[in-house]
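Participant: What follows is the residue order along each chain.
Protein chains: 2
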Amino acid sequence: MYHSTICSFMFSANVFQPRMLVLRLSNTLKNQNVRIGHCTKVPRNVNLEKLQHGYLFPEIERHELMHLRMYPNANVIDLGIGDTTQPLPTVVTSSMVDFVRGLSTATGYRGYGPEQGEKALRKAIVVAFYKDLGIKPSEVFVSDGAQCDISRLQLLMGPNLKTAVQDPSFPAYIDSSVIIGQAGKFVDETGKYKNIEYMTCGPQSDFFPDLPSIPRTQLIFFNSPNNPTGHAATRKQLEQLVDFARVNGSIIVFDSAYSAYITDDSPKSIYEIPGAKEVAIEVSSFSKFAGFTGVRLGWTVVPEELLYSNGFPVVHDYNRIMCTCFNGASNIVQAGGLACLSPEGLKAVRSIVDYYMENARILVDALTSLGLTVYGGKNAPYVWVHFPGSKSWNVFAEILEKTHIITVPGSGFGPGGEEYIRISAFGLRDSIIEASQRLKYLLYHQEN
Amino acid sequence: MYHSTICSFMFSANVFQPRMLVLRLSNTLKNQNVRIGHCTKVPRNVNLEKLQHGYLFPEIERHELMHLRMYPNANVIDLGIGDTTQPLPTVVTSSMVDFVRGLSTATGYRGYGPEQGEKALRKAIVVAFYKDLGIKPSEVFVSDGAQCDISRLQLLMGPNLKTAVQDPSFPAYIDSSVIIGQAGKFVDETGKYKNIEYMTCGPQSDFFPDLPSIPRTQLIFFNSPNNPTGHAATRKQLEQLVDFARVNGSIIVFDSAYSAYITDDSPKSIYEIPGAKEVAIEVSSFSKFAGFTGVRLGWTVVPEELLYSNGFPVVHDYNRIMCTCFNGASNIVQAGGLACLSPEGLKAVRSIVDYYMENARILVDALTSLGLTVYGGKNAPYVWVHFPGSKSWNVFAEILEKTHIITVPGSGFGPGGEEYIRISAFGLRDSIIEASQRLKYLLYHQEN
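Going line by line, the protein sequences match chains A and B. Just so we're aligned: the first sequence equals residues 1 to 448 in the numbering used here. Just so we're aligned: the second sequence equals residues 1 to 448 in the numbering used here.
The following block holds chain A by itself, in its conformation from the complex (with noise of 0.2 Å):
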């Protein structure tokens, strides 16, 4: 972390004149330790000042990095982070190739789309994904992804809330909430922020909170299938959850990122909740189901239903927010979405959903055969194994240095990630028999 010197000087002593400074920066600016610099009169956002560090997965980057300057012939197996690795289906990338010829051409050629995504693929997420749960077009809009769809839904709700969160969970809940300014202080004994709610979903409690003990919050993000836990909360607990932001007046923000995931009965929208649609927001995403992590695509569905406490609805403004600080997701991109929500699109995309799922039953079959406590891997391609008694990024360490196999330590996606490490099964499948046996070999002669 970087702190300047002579120029906050200059900004406790009141001396406002800008100055020409030479500043020591840190190592991130490389090659270049010596500096001149200008202090602006600018004071730095104290949102952003309360951030612990970086953000999780380029902070896991960097890690790989490091270690492949360390050991530059390494065979590095990456099962950090939940990338998709393999192959667009035909069917969705001649779809795209079809629109981009277009755009050569004077009938073909499209300038700005509606900033709330095509009507053609708003009307078929509603059918491939909401189809009886009464979800209407107008109520979906479609973006660039999840995690950007997050920061807008904190742009939505502004300052003046109160956040509940899965503790562990997916980082762009927390982190975009310290930077709307939601947050308060970081505790370093707790390793939490004051005024974020932290809702334990460990083992204990089948990774679902209990709720009778959490505070009201105005806001309560929910992740299913879990990112990190791979949990996928059944139907009876997402009825209480809904039954639990009922009796508080508050909005689940629901992320349904890896819904395509879920082998078993547990629903797949919280919209199969009776009554959820006057209490919650829908994020989700083509990055996981479709294989479109690069390629960018995903939508956020705002029931009419949702009013604020004043009776505004909750829709009105989030569109507010799209035609302001978005301007639509790319229409080629778009084209493919709709490409991939075609019977054959859905088939294709379906087959390669199967194919991580086959990795991630391989890695627990892996790992559970070494007697490790393994949960995760049947509703999502996340593997959730517990290390008791261990730090979670000395084991993530540890694991890296001795079999060059990068993972995620359980404590970045929150306190109650701790003594846990996250693999993820994407990947090709020579690369994830080959990290089974290399954890199989570490942590067989680790025990024996």
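Any given hint could turn out to be false.
Heads up, the list lumps identical chains together, so a pair's fine if it works in one copy or across two of them.
Unchecked claim - Simulated pairs of lysine-lysine, DSS-like, Cα-Cα distance not exceeding 30 Å:
#	residue 1	residue 2
1	Lys136	Lys194
2	Lys378	Lys119
3	Lys123	Lys347
4	Lys131	Lys402
5	Lys41	Lys268
6	Lys123	Lys162
7	Lys41	Lys236
8	Lys378	Lys347
9	Lys50	Lys194
10	Lys136	Lys50
11	Lys378	Lys131
12	Lys136	Lys41
Derived by calculation from the structure, the hints in this document are not laboratory data. These numbers were taken from a predicted model, which means no experiment stands behind them.
Could you slot chain B onto chain A? The hints should help.
Facilitator: Showing chain B alone in chain A's frame:
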């Protein structure tokens, strides 16, 4: 605008039990005047409450739709929203086609890319736009467009700053400032937000603010060539602006989205001005430069030399925002952007810019021939027409009613745009010629 009744009374009466309510919704929720809703206890974001009306361009579209409903057979010419109409050069689409095809192959598939953009593209942007200006690829952040970046810059800066904008100006600066919470109360009498500094930029001062009369603000949004006036700030003007920012310790957010349209020697980047790197962020876009309005690609430059008052580099926090609130521009689109910046691509997009500028010349000639005072159209694809003594929304309505041409009322860009109309030069040549003739006919007959 929607005002609820029952629910807000409940809220004022402090009755907190959520209830099922029958609510009369505004006509924006079409075809459903009576609806069952549920009031959560989540208050509406006070910042969103302060927005005065819908975002300008969707509002203009709404007028167009209403007009088409009234005149279903009218041959409406849309010179309102600045939307590109010319097909993309094949050198650009071929490159995207190759990339998309690759996504269906094992070797060509790509998942998540760097949140900051592909290295090759960041480098190509530097070569194409910042040659000899000392900008480094690591200071360039590729995005899905300038409008989206403006909101991310507001997230970066937070609510506790005072902002100055040109008046008139592109509405996203003010609206995003309202959404993040910088703007304060809207004052009906002035048509201005209390905490925003409106820097009048009219013809009396060569479309440049009278800087000695402008109070110090932390942020200054400055757009050159300006949307809507079409004025490109001269080198001398920009030197004054940079000097003003340095003395005041302000940060300039310089929007150069239309720089490709500059035909004289006005600077195309703020970094052409010595010392600008220490006080300015630059936002730019492929939208108007390369016809990417629907394809979506832009970038923002945050120089390492730009420091907060405590000496912390702004670029570190912007990187954190991009990693947390954004997930990279579509890799397909980035491939297209890279092709635009090849020698062949640059030549091809240049000829499209020339086409729109010829449109602008035709419009300027037609309007000038009627004795109207016309600005812009020389360094920007917008023509800014003065109708002294008239309300711009009335002029907009009359032109639409009598010629079926969509324009944009100047007051939509701020109180300084009153009495003006913005006419976009984006369009097919035939439409531009037809529009010129209709305007000539209408305005000639009004005069005589």
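Participant: So, for every hint listed, does it hold in this structure?
Facilitator: Against the structure, the hints:
Within a single copy, Lys136 and Lys194 get their C-alpha atoms no closer than 38 Å, and across copies no closer than 39 Å, so neither meets the 30 Å cut-off. Proximity of Lys378 to Lys119 under the C-alpha cut-off of 30 Å is found in neither arrangement, the shortest distances being 34 Å within a copy and 37 Å between copies. In this assembly of identical chains, the alpha carbons of Lys123 and Lys347 lie at most 30 Å apart only when taken from the same copy (19 Å versus 40 Å across copies). Taking CA atoms no more than 30 Å apart as the test, Lys131 paired with Lys402 passes in neither setting, with 48 Å inside one copy and 46 Å between copies.
Taking the shortest Cα distances, Lys41 and Lys268 sit within 30 Å of each other only across copies (26 Å), while inside one copy they are farther apart (50 Å). Taking identical chains as interchangeable, the C-alpha atoms of Lys123 and Lys162 are never at most 30 Å apart, the minima being 34 Å within one chain and 42 Å between chains. Taking CA atoms no more than 30 Å apart as the test, Lys41 paired with Lys236 passes between copies only; the shortest distance there is 24 Å, against 54 Å inside one copy. With identical chains, the CA atoms of Lys378 and Lys347 are at most 30 Å apart within one copy only, with a shortest distance of 20 Å there and 53 Å across copies.
Within a single copy, Lys50 and Lys194 get their C-alpha atoms as close as 11 Å, and across copies as close as 29 Å, so both meet the 30 Å cut-off. Proximity of Lys136 to Lys50 under the C-alpha cut-off of 30 Å is restricted to the inter-copy arrangement: shortest distance 28 Å between copies versus 39 Å within a copy. Taking CA atoms no more than 30 Å apart as the test, Lys378 paired with Lys131 passes inside one copy only; the shortest distance there is 24 Å, against 53 Å between copies. Taking the shortest alpha-carbon separations for Lys136 and Lys41, only the inter-copy value of 24 Å comes in at or below 30 Å, while the best intra-copy value is 48 Å.
Going down the numbered hints, you'll see the structure goes against 1, 2, 4, 6, while the others check out.
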